[in-house]
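Enquirer: Sequence:
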Amino acid sequence: MSLRLRGLLLLPLLRRRSCSPLLLRRRRLLRGWPPPLVSAIPSRAFGSSGLPARACASSGFSGMAAVSPPTPQQQQQRCVVEVREGVELTEKEERIFRRLLDVVRHFGLGTQLRVAGGWVRDKLLGKDSTDIDIALDNMTGQNFCEKVNEYSELLGEEQKGIGVIQCNPDQSKHLETARMLIFDIWIDFVNLRSEKYAENSRIPTVEIGTAKEDAFRRDLTINSLFFNINTNTVEDLTGRGIEDLKKGLIVTPLPAKATFLDDPLRVLRAIRFAARFNFTLTEDLKDAASDEKVKSELGSKISKERIGHEVDLMMSDKHPVNAMCYIRDLGLFYVVFAFPEKPDPPVPDKCDRLCVSHIEVAWNLAHSIGCSVFSGGSDSKSQDEHRRLCFYSALFTPVRNTIYLDKKSKKERWGEPSISPGLGQPMVYIGPHTSILTRLLHHLQIPVTNYIIRDSLKLKASDADTVVNVHAASEKFAELINLLESNENLTTVKEKLDDEYLEIPTDSVKRVLAGLILREIKDFWRVALFICTLTYPEVSSGGDSLGQPDELHQRKEKYTRAEQLDGVWKMKPLLDGKAIMGIMQVKGGPLIGKWQQRLLKWQLAYPRGTTEECIEWMKQSQSKRQKV
Numbered sequence: 001m002s003l004r005l006r007g008l009l010l011l012p013l014l015r016r017r018s019c020s021p022l023l024l025r026r027r028r029l030l031r032g033w034p035p036p037l038v039s040a041i042p043s044r045a046f047g048s049s050g051l052p053a054r055a056c057a058s059s060g061f062s063g064m065a066a067v068s069p070p071t072p073q074q075q076q077q078r079c080v081v082e083v084r085e086g087v088e089l090t091e092k093e094e095r096i097f098r099r100l101l102d103v104v105r106h107f108g109l110g111t112q113l114r115v116a117g118g119w120v121r122d123k124l125l126g127k128d129s130t131d132i133d134i135a136l137d138n139m140t141g142q143n144f145c146e147k148v149n150e151y152s153e154l155l156g157e158e159q160k161g162i163g164v165i166q167c168n169p170d171q172s173k174h175l176e177t178a179r180m181l182i183f184d185i186w187i188d189f190v191n192l193r194s195e196k197y198a199e200n201s202r203i204p205t206v207e208i209g210t211a212k213e214d215a216f217r218r219d220l221t222i223n224s225l226f227f228n229i230n231t232n233t234v235e236d237l238t239g240r241g242i243e244d245l246k247k248g249l250i251v252t253p254l255p256a257k258a259t260f261l262d263d264p265l266r267v268l269r270a271i272r273f274a275a276r277f278n279f280t281l282t283e284d285l286k287d288a289a290s291d292e293k294v295k296s297e298l299g300s301k302i303s304k305e306r307i308g309h310e311v312d313l314m315m316s317d318k319h320p321v322n323a324m325c326y327i328r329d330l331g332l333f334y335v336v337f338a339f340p341e342k343p344d345p346p347v348p349d350k351c352d353r354l355c356v357s358h359i360e361v362a363w364n365l366a367h368s369i370g371c372s373v374f375s376g377g378s379d380s381k382s383q384d385e386h387r388r389l390c391f392y393s394a395l396f397t398p399v400r401n402t403i404y405l406d407k408k409s410k411k412e413r414w415g416e417p418s419i420s421p422g423l424g425q426p427m428v429y430i431g432p433h434t435s436i437l438t439r440l441l442h443h444l445q446i447p448v449t450n451y452i453i454r455d456s457l458k459l460k461a462s463d464a465d466t467v468v469n470v471h472a473a474s475e476k477f478a479e480l481i482n483l484l485e486s487n488e489n490l491t492t493v494k495e496k497l498d499d500e501y502l503e504i505p506t507d508s509v510k511r512v513l514a515g516l517i518l519r520e521i522k523d524f525w526r527v528a529l530f531i532c533t534l535t536y537p538e539v540s541s542g543g544d545s546l547g548q549p550d551e552l553h554q555r556k557e558k559y560t561r562a563e564q565l566d567g568v569w570k571m572k573p574l575l576d577g578k579a580i581m582g583i584m585q586v587k588g589g590p591l592i593g594k595w596q597q598r599l600l601k602w603q604l605a606y607p608r609g610t611t612e613e614c615i616e617w618m619k620q621s622q623s624k625r626q627k628v
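Be aware that the sequence shown starts at 1, since it is given in the UniProt record's numbering, and climbs by one per residue.
By construction, these hints were calculated from the structure, which means they are not laboratory data. Check the hints yourself; a few may be wrong.
As the list claims (entries may be wrong) - Simulated crosslink set (DSBU-like; lysine-lysine; CA at most 35 Å straight-line):
#1 301 to 318
#2 510 to 522
#3 460 to 160
#4 458 to 301
#5 212 to 301
#6 510 to 458
#7 342 to 92
#8 522 to 619
#9 212 to 246
#10 381 to 458
#11 381 to 127
#12 350 to 496
#13 619 to 570
#14 301 to 381
#15 342 to 460
#16 304 to 381
#17 350 to 295
#18 246 to 92
#19 381 to 601
#20 570 to 522
#21 304 to 257
#22 381 to 522
#23 127 to 304
#24 350 to 522
As the list claims (entries may be wrong) - FRET-style restraints, in silico, Cβ to Cβ:
#25 186 to 573: 44 to 50 Å
#26 303 to 156: 41 to 47 Å
#27 254 to 405: 30 to 36 Å
#28 101 to 309: 42 to 48 Å
Cβ coordinates follow ideal geometry from the N, Cα and C atoms, glycine included.
Could you put the whole structure together from the sequences, leaning on the hints where they help?
Expert: Okay, structure coming up:
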């Protein structure tokens with residue numbers, strides 16, 4: 001299978017203007033689905049032509065074409081944003097704000113209460129928000145929260161706990177924030193700020209400032225708006241927050257470079273909001289974001305946890321591809337997704353473009369297939385989780401087989417799988433009960449994907465494990481697909497699955513193998529199969545190959561459902577270890593584990609088999625073995 005042919009299979013997913021009959025049929029069938037949001041992919045605003053042909057050819061993506069840049073009409077449509085004239089409060093919000101005003105009046109505080117930032121922006125865009133940040137003009141957040149509790153005590157209500165997040169200037173966290181629960185909503189309180197810099201110091205002295213001073217210290221003009229609770233009005237103190245919101249522009253109130261050097265994380269926040277709302281980054285902002293000093297400060301001054309949080313919000317949002325394209329085109333990919341030293345094999349040139357190209361293809365393919373890719377989750381929350389981890393898996397597909405040697409600590413990372421072994425063989429896990437030899441051979445070899453997610457982004461260990469497992473299972477699915485489409489390697493696989501006690505019927509080999517893979521990946525099997533279709537080199541049998549990857553995915557999913565394997569990981573063994581010991585007349589040990597694996601294969605091969613039939617098979621197998 002040539003690399004060029006492999007790339008050509010993905011080409012149709014990015015070509016939007018083809019008039020082939022098959023694509024026209026697909027468009028009619030998929031008319032009810034939202035179109036892939038690739039016309040607004042930000043890389044086009046940089047004059048980029050997408051993945052360079054030379055980079056593609058060297059990495060198996062020679063046929064992958066870039067999406068056409070947006071037309072002037074599309075750019076103009078994208079800048080039309082409907083903004084409301086004022087803020088419409090919910091009953092809960094009115095109740096909260098009345099309580100806060102009562103506190104101010106009762107104690108004679110004279111405080112102007114302003115809701116700041118994202119809540120105001122979202123309200124003007126007609127979106128609901130529970131992210132309420134209150135800015136205070138004459139006291140700290142903690143002091144005001146204490147007054148709220150005093151007032152609650154006077155009313156005979158239970159006092160609430162106050163959480164205080166300390167400032168950390170070294171990490172560009174300049175403000176102390178107090179948080180408390182009011183009428184079941186978490187509210188953050190912080191004082192308005194004014195900053196003064198001493199000579200030869202990058203860390204400012206933060207003082208209580210005016211609302212205008214605070215507005216100009218915000219990250220973006222669209223986030224600099226206030227809703228004054230006292231006067232019930234929206235305040236645009238930079239003079240351009242509402243205008244930029246209407247035009248769909250991402251702009252900093254002060255010069256962009258100074259704003260980013262003040263807090264480099266604002267670069268990622270700008271990208272996140274541009275991607276979320278499909279807004280445009282201004283040229284001044286793009287130049288500042290790609291500045292070498294800003295990139296250096298982002299990598300050295302901002303904690304990995306804060307970077308990872310922003311990236312995770314991007315990947316969980318509606319348009320993760322747009323965000324990743326911005327990160328790539330601004331030259332931030334290797335700052336955000338830091339790789340370990342000496343990966344094996346070495347990371348290919350233009351790896352950033354390869355990774356983003358994979359998530360672009362995944363985005364288009366997911367829209368083509370529909371929501372079934374993420375239907376493994378039992379509810380909307382778990383489906384969102386499947387979607388998020390699916391796009392992480394797609395993004396890091398080009399480095400799925402790259403490892404590194406972990407020498408930084410003596411503590412071993414239990415539960416981390418090694419690179420996927422061969423077809424029909426279980427993935428190797430390193431745990432506290434693994435033999436010393438196996439640990440010596442495996443525990444230092446960690447997938448690079450694991451490093452990026454756990455160490456570079458500081459996300460959950462379970463996220464890293466899931467993505468690594470999805471990659472491993474997708475490798476097995478690629479081999480399994482060959483069997484599902486033909487019987488060429490059936491005998492070889494059957495020999496791997498058979499042993500001296502169990503002979504699997506030939507017509508059950510595919511089912512057993514698919515079941516073993518699904519039991520390893522569990523309810524993420526659809527995601528693993530989906531990732532497999534991004535790279536599987538299906539040989540075209542001629543004719544129009546448009547739509548092959550999504551048709552391939554649907555064929556395999558239908559097969560799995562037809563064989564009633566969805567949920568096979570929940571299948572309980574017909575016999576437990578104690579029953580096996582009684583039947584086989586053994587006292588335990590490794591032999592029981594082997595019989596449990598053998599029993600699992602038997603149940604997959606004979607899905608309607610009963611406990612009695614299973615026991616009879618075991619006795620006959622033991623009898624034959626003893627005669628031999």
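Enquirer: If a hint holds in the structure, say so; if it does not, say that too.
Expert: Now the hints, each set against the structure:
no.	hint	in the structure
1	301 to 318	holds, 29 Å
2	510 to 522	holds, 18 Å
3	460 to 160	holds, 30 Å
4	458 to 301	holds, 15 Å
5	212 to 301	holds, 27 Å
6	510 to 458	violated, 39 Å
7	342 to 92	violated, 54 Å
8	522 to 619	holds, 31 Å
9	212 to 246	holds, 21 Å
10	381 to 458	holds, 22 Å
11	381 to 127	holds, 20 Å
12	350 to 496	violated, 39 Å
13	619 to 570	holds, 26 Å
14	301 to 381	holds, 33 Å
15	342 to 460	holds, 24 Å
16	304 to 381	holds, 25 Å
17	350 to 295	holds, 18 Å
18	246 to 92	holds, 28 Å
19	381 to 601	holds, 33 Å
20	570 to 522	holds, 8 Å
21	304 to 257	holds, 21 Å
22	381 to 522	holds, 17 Å
23	127 to 304	holds, 30 Å
24	350 to 522	holds, 34 Å
25	186 to 573: 44 to 50 Å	holds, 46 Å
26	303 to 156: 41 to 47 Å	holds, 43 Å
27	254 to 405: 30 to 36 Å	violated, 45 Å
28	101 to 309: 42 to 48 Å	violated, 33 Å
Violation of the numbered hints given earlier is confined to hints 6, 7, 12, 27, 28; the remaining hints are satisfied by the structure.
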